[in-house]
Every structure is written in structure tokens, then in C-alpha cells.
Amino acid sequence: MKYDVPERYTLAFRLYPYAKSPDQDAATPARHKAIVVGGGPVGLAIALDLGKRGVPVVLLDDHEGAGLGSRALCFAKRTLEICDRLGAAAPMLAKGVQWNLGKVFHDDRLLYEFNLLPEGGHAFPAFINLQQPWFEKFLHDAIVAAQAQGAPIELRGKNRVDAVIPAEDHVTVEVMTPDGPYRLEADWLIACDGARSPLRTMMGLGFDGRVFEDNFLIADVKMKADFPTERWFWFEPHFKSGDSALLHKQPDDIWRIDFQLGWNIDRAKEMEPARIRARVDAMLGPDVEYELDWSSIYTFQCRRMEKFRHGRVLFAGDAAHQVSPFGARGANSGIQDVDNLAWKLALVLDGTAPESLLDSYDAERVYGADENILNSTRATDFITPKTGVSKMFRNAVLQLAETVPFARTVVNSGRLSMPCTYDGSALNGPDHPDMPARTRPGSPCPDAPLGDGWLLARLGRGFTLLAIGAEVPDRLIAHGLAVPRLLLEPTPEITSRYLGGAKGAVYLIRPDQHVAARWDRFDDTEVAAAMTRAIGKG
Amino acid sequence: MLITTPNLTKPDESYARLIATHDGLDEAESHALNARLILILMNHIGNDAVLAEAMDLARNPKKGAA
Ligand SMILES: Cc1cc2nc3c(=O)[nH]c(=O)nc-3n(C[C@H](O)[C@H](O)[C@H](O)COP(=O)(O)OP(=O)(O)OC[C@H]3O[C@@H](n4cnc5c(N)ncnc54)[C@H](O)[C@@H]3O)c2cc1C
Numbered sequence: 001m002k003y004d005v006p007e008r009y010t011l012a013f014r015l016y017p018y019a020k021s022p023d024q025d026a027a028t029p030a031r032h033k034a035i036v037v038g039g040g041p042v043g044l045a046i047a048l049d050l051g052k053r054g055v056p057v058v059l060l061d062d063h064e065g066a067g068l069g070s071r072a073l074c075f076a077k078r079t080l081e082i083c084d085r086l087g088a089a090a091p092m093l094a095k096g097v098q099w100n101l102g103k104v105f106h107d108d109r110l111l112y113e114f115n116l117l118p119e120g121g122h123a124f125p126a127f128i129n130l131q132q133p134w135f136e137k138f139l140h141d142a143i144v145a146a147q148a149q150g151a152p153i154e155l156r157g158k159n160r161v162d163a164v165i166p167a168e169d170h171v172t173v174e175v176m177t178p179d180g181p182y183r184l185e186a187d188w189l190i191a192c193d194g195a196r197s198p199l200r201t202m203m204g205l206g207f208d209g210r211v212f213e214d215n216f217l218i219a220d221v222k223m224k225a226d227f228p229t230e231r232w233f234w235f236e237p238h239f240k241s242g243d244s245a246l247l248h249k250q251p252d253d254i255w256r257i258d259f260q261l262g263w264n265i266d267r268a269k270e271m272e273p274a275r276i277r278a279r280v281d282a283m284l285g286p287d288v289e290y291e292l293d294w295s296s297i298y299t300f301q302c303r304r305m306e307k308f309r310h311g312r313v314l315f316a317g318d319a320a321h322q323v324s325p326f327g328a329r330g331a332n333s334g335i336q337d338v339d340n341l342a343w344k345l346a347l348v349l350d351g352t353a354p355e356s357l358l359d360s361y362d363a364e365r366v367y368g369a370d371e372n373i374l375n376s377t378r379a380t381d382f383i384t385p386k387t388g389v390s391k392m393f394r395n396a397v398l399q400l401a402e403t404v405p406f407a408r409t410v411v412n413s414g415r416l417s418m419p420c421t422y423d424g425s426a427l428n429g430p431d432h433p434d435m436p437a438r439t440r441p442g443s444p445c446p447d448a449p450l451g452d453g454w455l456l457a458r459l460g461r462g463f464t465l466l467a468i469g470a471e472v473p474d475r476l477i478a479h480g481l482a483v484p485r486l487l488l489e490p491t492p493e494i495t496s497r498y499l500g501g502a503k504g505a506v507y508l509i510r511p512d513q514h515v516a517a518r519w520d521r522f523d524d525t526e527v528a529a530a531m532t533r534a535i536g537k538g
Numbered sequence: 001m002l003i004t005t006p007n008l009t010k011p012d013e014s015y016a017r018l019i020a021t022h023d024g025l026d027e028a029e030s031h032a033l034n035a036r037l038i039l040i041l042m043n044h045i046g047n048d049a050v051l052a053e054a055m056d057l058a059r060n061p062k063k064g065a066a
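Going line by line, the protein sequences match chains A and B. Counting from 1, position 150 in the first sequence corresponds to residue 150 in the numbering used here; the numbering is continuous, with no gaps. Counting from 1, position 23 in the second sequence corresponds to residue 23 in the numbering used here; the numbering is continuous, with no gaps.
Among the hints, erroneous ones may be present.
[What the hints assert, rightly or not] DMTMM-like, lysine to aspartate or glutamate: derived pairs with alpha carbons at most 20 angstroms apart: (1) 391/A <-> 29/B; (2) 537/A <-> 355/A; (3) 391/A <-> 107/A; (4) 537/A <-> 526/A; (5) 20/A <-> 185/A; (6) 391/A <-> 27/B; (7) 222/A <-> 185/A; (8) 391/A <-> 53/B; (9) 95/A <-> 107/A.
[To be verified] Only part of the chain A face toward chain B is listed, based on derived beta-carbon distances under 10 angstroms: (10) 292; (11) 406; (12) 410; (13) 412.
Quick caveat, the hints were computed from the structure, so don't treat them as lab data. Remember, it's a predicted structure, so these values are computed and weren't measured experimentally. Positions of the beta carbon are idealized from the N, C-alpha and C atoms, including for glycine.
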């Protein structure tokens with residue numbers, strides 16, 4: 001009997017070809033500690049993070065690699081920092097197009113320019129542009145490198161999950177392969193199966209939010225053009241190719257062009273190459289030579305699951321939350337889910353932390369998703385005004401923005417992805433009033449130069465104690481975890497980012513490089529109590 | 001806190017100026033001018049809580065000041 005796991009999309013890179021696993025012939029379902037469903041950016045990253053922490057992990061995807069096509073393009077600084085921790089950032093940075101500058105136009109007038117990283121002293125740029133298949137390929141390369149170092153990661157291509165049976169202390173999945181179906185059990189299942197998440201549907205869970213009544217045409221064109229490496233966004237462009245337009249550079253002489261087409265369109269007609277070329281010609285001018293590399297039409301929604309943890313099934317990435325692309329918050333927020341989840345799951349699996357630590361994944365990342373949904377909804381409402389009045393105010397803002405500085409702060413062509421600060425998280429410990437707000441408990445640590453390297457690169461895989469002008473013991477053990485110390489000199493960056501007006505500072509940093517707590521001096525019991533809280537035992 | 005007690009230094013002049021600012025504009029142009037004016041005044045006020053009170057009062061004039 002022949003089975004089929006058909007491809008739903010074409011591959012850009014075939015990364016993990018199907019190979020039969022002994023599990024498929026097992027008499028009883030093999031039990032794994034962690035199973036990841038979905039090998040998009042989020043699934044690959046969580047498998048890599050867990051594997052590097054020594055957690056045996058099996059990833060199942062119904063394809064054998066990264067899909068072709070225009071999806072994520074802009075990867076944010078925080079994503080690069082996380083990928084650096086995972087050993088994947090260097091090739092991303094080398095291939096990606098770095099940019100910090102954006103320009104916003106209305107009709108044929110430049111309204112203003114913005115710089116996303118006005119501050120120096122960071123290892124990574126505000127953004128790189130890199131096609132999503134390459135991002136996934138580099139994560140996969142890092143997985144292969146980690147496997148060679150002994151990380152217990154297994155990727156299974158053409159393994160489609162068709163059913164999920166949650167139980168009290170494990171989850172069973174039914175998997176279809178070219179050799180037929182088999183079953184697996186997992187202590188924990190991580191669902192990273194994308195916005196249409198079959199697992200979410202199988203479990204009967206909702207995914208509510210808003211659909212935006214607009215269509216966007218994405219045209220990736222290959223050309224040798226000397227436009228600068230900046231993000232150019234037009235409201236009501238003079239070349240009339242759409243209600244708004246976006247031009248952005250990608251690697252390999254490819255440019256991403258986005259046109260806003262409106263709601264009532266004939267999709268098939270708009271996808272005709274001649275029609276797409278007419279829009280692109282109007283934008284670039286008659287003498288620019290280019291090839292159409294890829295095009296597609298998208299509609300956008302903003303929605304999320306009510307909860308990301310359902311017993312032993314944890315949802316992450318687009319499966320858990322979906323945003324419109326204005327602000328590049330999709331994959332970027334999914335990578336932050338990974339950053340938040342991997343260390344917690346590793347501590348639960350080795351018995352250091354209670355299962356309830358995973359509820360903080362739900363709380364913190366739901367908070368993050370709401371922030372992303374709010375930002376991307378507002379941007380979409382500005383770009384696609386829903387009523388006559390809202391369009392009138394939008395255009396009034398644009399008109400003022402050319403001459404009056406305040407109006408530029410209201411113009412919204414996408415508030416680009418920033419990492420979330422987990423204000424109010426149950427894991428947060430004490431704060432200190434004299435230190436900078438940007439490093440309050442819950443914040444991701446801002447990078448800073450350190451010797452001839454960078455601060456974030458010096459933070460370990462576990463908890464770290466940072467000390468600036470304060471005495472801390474060189475070896476601290478809490479809950480069986482070693483907490484190494486890192487002593488910092490009060491350089492200008494360290495002072496403005498960490499010390500503020502305090503005389504000294506001691507920071508407890510979580511494994512995901514977020515601040516757990518901070519004090520102006522070391523106190524054994526205080527630090528121990530903050531550790532207890534930060535691993536969900538408080 | 002939104003000021004709802006008299007605060008205009010020259011109420012009649014300011015009101016006349018508001019009307020005169022619209023002289024010669026058609027309806028659409030007047031609406032656009034109002035939109036610009038609201039944005040400019042919003043920025044001048046700045047404080048989000050005060051703006052929220054003002055918007056609420058404009059939407060529900062019967063309520064009077066909160
Ligand atoms: C036009 C556009 C532009 C975008 N631009 C950006 C951007 O600039 N920056 C940004 O950060 N984000 C952007 N995004 C969003 C980004 O593409 C997504 O957020 C990202 O792909 C989500 O990753 P994921 O791993 O959660 O899901 P996906 O990438 O969707 O991966 C899901 C995986 O699960 C697999 N799968 C599904 N069902 C099963 C099953 N039953 N069994 C096994 N495997 C299964 C799929 O084959 C797939 O490999 C953009 C999206 C679009 C559409």
C-alpha cells in the first residue's frame with residue numbers, strides 16, 4: 001500500500017528529507033520528552049533552543065524544508081540577538097541587508113525620515129532584510145552544527161500530524177508518512193504549525209480577532225537599482241499603483257514591493273503578470289529593467305488564541321497569534337515565544353521548576369501578543385482607514401507631517417517590532433527606583449560594548465548575576481542551578497543603560513536575557529527569593 | 001484635568017476667528033481644516049487623560065464635565 005504526504009507548497013530548500021524512523025515500527029508508541037510540530041522559523045528555533053539545552057526533541061513537519069515565496073523579510077535586532085544565543089546569527093547578518101533608516105512619502109512629497117537605531121553600542125543593527133527561506137535555512141544549519149556537538153535534535157520530514165490526543169501526563173499524536181501512519185507520545189507537545197494550525201482545529205480551540213478588509217499585492221522584483229538601503233513607504237502614491245506602496249531591499253538584488261489594492265478586487269485578474277508589471281512600471285519609471293521574481297496577494301488579520309498553554313500542549317508563533325505584517329511582528333514575535341518557552345520547559349523537564357512555570361509562558365507571551373496585535377491593528381487602521389472620518393483625519397495628519405514635527409509622531413506606516421517588557425509578570429522580583437526604566441524587571445537586557453565584545457554574548461545559557469560597582473560572590477547556587485557572575489565596569493553605555501543614578505547595581509538576569517530583579521547591593525536572601533520567584537516557585 | 005470653566009481670554013474674538021477661518025471653503029475643505037485644527041490643539045494639550053476627558057465630553061455633551 002502506498003501512502004502520500006503531498007506538498008502543499010514548493011520548497012526553496014530541501015533540508016530534512018524523509019527517512020524512516022525505528023519509531024514507525026515500534027510495537028507501542030515511542031515516548032519523547034518534547035515533540036515540536038511544524039518546521040517554520042518558530043518550530044526550528046524552539047527545537048534548536050531545547051536541543052542546545054540538552055532536551056531531547058523531535059520535530060515533525062509535513063514538508064522537507066523551507067517553503068518558497070514572499071513572507072517574512074524584516075528581522076529585528078532582538079531576533080538577531082536570540083539567534084546569536086542559538087549560534088545562528090552570523091550568517092544571517094552576513095547575507096541580510098542591514099538597514100536603520102526609513103522614509104515616508106505622501107503622494108510625491110517626502111514627509112520625514114526616521115532612524116530606528118539612533119543609539120550606538122549594540123552588536124546588531126535595528127533590522128536586517130532576509131528572505132524567510134534563508135532565515136529558516138540558517139536556523140537549520142545551526143541545528144546541524146548543534147547535532148554534531150551532540151544536541152539531541154531529530155527532524156522528521158514528510159511527517160504530517162493528523163490527530164492529537166491530549167492526556168493528563170502526556171500527549172499522543174498520529175503521524176502520517178510515506179510509509180504509512182504511526183503514533184508517538186510526548187511529555188510535552190509544542191504546536192508551531194502556523195496560522196492555520198491544524199492542531200488548534202483538532203483540539204477545537206478558537207482563534208478570534210479581526211480581518212482587515214483590504215488586499216495587498218506583494219511583488220518581489222530582481223533589478224540592479226541604486227535606490228538606497230532604506231524602507232520607503234508611500235501613502236496615496238503619485239504613481240497610483242495602489243492606495244499605499246512599500247519598497248524595501250532584499251539580498252541578491254531583489255526588492256520587495258507592496259501595493260495596497262483595496263477590498264473589492266478581482267484576485268485572478270490582479271495576479272496577471274501584465275497587470276503587476278503595469279503597477280511596478282508606474283512606480284519605478286519606464287527605464288528601469290527588472291524581472292518579476294515572485295508575487296502573491298494577501299489579506300491580513302490580527303487575532304490570537306485565548307490561552308497558549310493547554311495542559312501539555314503549548315502553542316507558539318503564528319499558531320498562537322497572527323498579526324498584519326505592518327511592523328514585522330510575526331516571525332519576530334514567534335522567536336520571542338521561543339526565547340521565553342525553551343528555558344522554562346527545560347527547567348520543568350529536569351524537575352528544577354514546577355509545571356506551573358509554563359503558565360508564565362502563557363501570561364508573558366499573551367501580554368506580548370496583545371502588544372503586537374495592538375500595534376499592528378493601529379498601523380493597519382492608519383494605512384487602511386475604515387470610515388470617511390478616519391480617512392479625513394489620516395490625511396490631515398499626513399498633510400501636517402510635511403511641515404509640523406509633532407504630526408510625524410502620529411503617522412503610522414507600521415511601528416516596527418520591539419521586544420516586549422513583561423511588566424507585572426509574576427516572575428518579576430524587586431525593582432530599584434534609581435536605575436533606568438528601560439532595564440526594569442521584565443525588560444530584555446539592552447546590549448552594550450564589553451571589552452572587545454558585547455554584553456549579551458557574555459550572558460550564559462542559564463541565570464546570570466550582573467554586578468556594577470557592587471560586591472557579589474563569584475559562585476552562587478540556587479535551586480541546584482549555578483548562577484555565574486559578570487562584573488561590569490561603569491562605561492558610559494553600562495551607566496546609562498543599567499546603573500542610572502544608583503551607586504551600585506546587581507541584576508539577576510533570566511536565561512532569556514530578561515531582567516528578573518535588581519538591587520543596589522548584593523543580598524543573599526533577596527537574590528535567593530528572586531530566583532525562587534523567577535523559576536515559578538514563589 | 002479638563003478645564004470646563006471659562007478659560008478663553010477673548011471668547012468672542014476667538015469664536016469669530018474660528019468661523020472666519022472657514023471663510024470661502026467648501027464643506028469638504030472645512031472638514032479637513034477642522035481635522036487639522038483638532039490635531040494641532042491635541043498636540044498643544046498633550047496630556048492623554050485630558051484628551052480622553054475632552055473626547056468623552058464631546059461625544060456625550062449632556063454629561064457635563066466628568
Ligand atoms: C506577506 C507577509 C510578510 C511578512 N513579513 C514579515 C516580516 O517582515 N517580519 C516578520 O517577523 N514576519 C513577517 N511575516 C510573518 C511570518 O511569515 C510568520 O509570522 C512566520 O512564518 C510564522 O512562523 P511559524 O513558524 O509560526 O509558522 P509557519 O512559518 O507558518 O510554519 C508552520 C509549519 O508547520 C507545518 N505544518 C502545518 N501543518 C502541519 C501538520 N499537520 N503536520 C506537520 N507540520 C505541519 C508547515 O508545513 C510549516 O512548515 C510576514 C507574513 C506575510 C504573509
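Against the structure, the hints:
Taking the CA atoms of residue 391/A and residue 29/B, the gap is about 14 angstroms. The hint holds against a cut of 20 angstroms. Our distance criterion of 20 angstroms between C-alpha atoms is met by residue 537/A and residue 355/A, whose separation comes to about 10 angstroms. Only pairs whose Cα atoms come within 20 angstroms are accepted, and residue 391/A paired with residue 107/A is accepted, the gap being roughly 15 angstroms. Annotation: proposed proximity of residue 537/A to residue 526/A holds, straight-line Cα distance about 14 angstroms (limit 20 angstroms).
With a C-alpha separation of about 17 angstroms, the suggested pairing of residue 20/A with residue 185/A holds against the 20 angstroms cut-off. With a C-alpha separation of about 16 angstroms, the suggested pair residue 391/A and residue 27/B falls inside the 20 angstroms cut-off, and the hint holds. Only pairs whose Cα atoms come within 20 angstroms are accepted, and residue 222/A paired with residue 185/A is rejected, the gap being roughly 46 angstroms. Pair hint residue 391/A plus residue 53/B does not hold up; C-alpha atoms about 23 angstroms apart against a cutoff of 20 angstroms.
Pair hint residue 95/A plus residue 107/A does not hold up; C-alpha atoms about 33 angstroms apart against a cutoff of 20 angstroms. Restraint check, residue 292/A versus chain B: the minimum CB separation of about 38 angstroms is more than 10 angstroms; hint violated. Residue-level restraint check for residue 406/A holds (minimum Cβ-Cβ distance to chain B is 4 angstroms; threshold 10 angstroms). Hint status for residue 410/A relative to chain B: holds, with the closest Cβ pair at about 7 angstroms, below 10 angstroms.
Hint status for residue 412/A: violated, given a least beta-carbon distance of 14 angstroms to chain B, over 10 angstroms.
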